[in-house]
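Heads up: the sequence lines are chains A and B, in that order. The numbering of the first sequence is my numbering, which starts it at 1 and goes up by one. The numbering of the second sequence is my numbering, which starts it at 1 and goes up by one.
Fair warning: there could be bad hints in the mix.
As the list claims (entries may be wrong) - Pair by pair, the computed Cβ-Cβ distance ranges are:
#1 A:Glu69 - B:Gln41: 26 to 32 Å
#2 B:Leu95 - A:Thr12: 34 to 40 Å
#3 B:Asp84 - A:Lys68: 35 to 41 Å
#4 B:Ser27 - A:Pro10: 34 to 40 Å
#5 A:Asp54 - B:Pro70: 38 to 44 Å
#6 A:Thr12 - B:Asp84: 26 to 32 Å
#7 B:Arg63 - A:Gly1: 36 to 42 Å
#8 A:Asp54 - B:Gly16: 49 to 55 Å
#9 A:Ser14 - B:Asn30: 40 to 46 Å
#10 B:Arg57 - A:Gly29: 18 to 24 Å
Stated by the list, open to error - To give a feel for the contact side, a few chain A residues facing chain B, derived at Cβ under 8 Å:
#11 Tyr30
#12 Ser32
#13 Leu46
#14 Leu47
#15 Lys100
#16 Gly104
Derived by calculation from the structure, the hints in this document are not laboratory data. Bear in mind the structure is a predicted one, so any value in this text is a computation, not a measurement. Built from N, CA and C at the ideal position, the CB exists for glycine as well.
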Amino acid sequence: GDSVTQMEGPVTLSEEAFLTINCTYTATGYPSLFWYVQYPGEGLQLLLKATKADDKGSNKGFEATYRKETTSFHLEKGSVQVSDSAVYFCALSPSGNTGKLIFGQGTTLQVKP
Amino acid sequence: ETGVTQSPTHLIKTRGQQVTLRCSSQSGHNTVSWYQQALGQGPQFIFQYYREEENGRGNFPPRFSGLQFPNYSSELNVNALELDDSALYLCASSLIGQETQYFGPGTRLLVL
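In isolation and in its complexed conformation, chain B is listed as follows:
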């Protein structure tokens, strides 16, 4: 059974740029959720995707957007990067209707 994978592991961008982070869900899972974890904090829910559509969103601005593909993999896109976007971005997969989520190793984004 393949676990959740994310790429890249680390990324450095400058303020105002755009970034795309990628996630492959665990085998057999059909939903993907994205979280932002600032240093020293707990993860904050950004949104979840199911059947290639957004299926719930946290308190994040529209410049955070996502995609889910037919193979259930997903992308997180962040436009107009701000310094406060520096964080660990975690992807989690699950089966729709099941509450347990399984996390990937994360992508650490640094915005300068």
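Next comes chain A alone, as it looks inside the complex:
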């Protein structure tokens, strides 16, 4: 079945460092891909999305490009801030819009001043 795999965390960075969180997926057809962020004690917030190959999603300085050839959707940010500390989830919506999202296990990011 469809699945999402994220890099293990936690990822610890200094402020203004470059961030990459790896995400790869297994799916039939052409899923849509998402990154959600979860701050401590809160629900999930949509960060960005891409719906077809080579699309780039971007928001708040974060970017991710839908790479079908490598089945990847890595999250990047050029300069992280302490306020970016959170858990990041990669997710896919299977082809045919089944109404569900399939999530990775999450990657915790800690940014130190």
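Place chain B on chain A using the hints.
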């Protein structure tokens, strides 16, 4: 625009009891999905409701059931609670046919 809201925020139950969690969808949305997020894990899809009927279900037993009301709000019911049901339960709303889902803050359930 009102976002997704859930109640209660926290709940403690004992094994074997039943629980009802509630969700109000974002204004204008007509589908509600429920997810279970165990500690340190990603959310797992339980089911989705559209037009007051179940519209897809994940790998959860029948003791997990739901309702959707005419105003698109929803309930998640769990019978015969087990210790492993302890988790954060997330509700998400969307428009049918659109893949982006918007999540509420969750209800944290502890089963003792």
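To see whether the hints hold, each was checked on the structure:
no.: 1; hint: A:Glu69 - B:Gln41: 26 to 32 Å; result: holds (29 Å)
no.: 2; hint: B:Leu95 - A:Thr12: 34 to 40 Å; result: holds (39 Å)
no.: 3; hint: B:Asp84 - A:Lys68: 35 to 41 Å; result: holds (36 Å)
no.: 4; hint: B:Ser27 - A:Pro10: 34 to 40 Å; result: holds (36 Å)
no.: 5; hint: A:Asp54 - B:Pro70: 38 to 44 Å; result: holds (42 Å)
no.: 6; hint: A:Thr12 - B:Asp84: 26 to 32 Å; result: holds (31 Å)
no.: 7; hint: B:Arg63 - A:Gly1: 36 to 42 Å; result: violated (23 Å)
no.: 8; hint: A:Asp54 - B:Gly16: 49 to 55 Å; result: holds (52 Å)
no.: 9; hint: A:Ser14 - B:Asn30: 40 to 46 Å; result: holds (45 Å)
no.: 10; hint: B:Arg57 - A:Gly29: 18 to 24 Å; result: holds (20 Å)
no.: 11; hint: Tyr30; result: violated (11 Å)
no.: 12; hint: Ser32; result: holds (5 Å)
no.: 13; hint: Leu46; result: holds (6 Å)
no.: 14; hint: Leu47; result: violated (11 Å)
no.: 15; hint: Lys100; result: holds (4 Å)
no.: 16; hint: Gly104; result: holds (5 Å)
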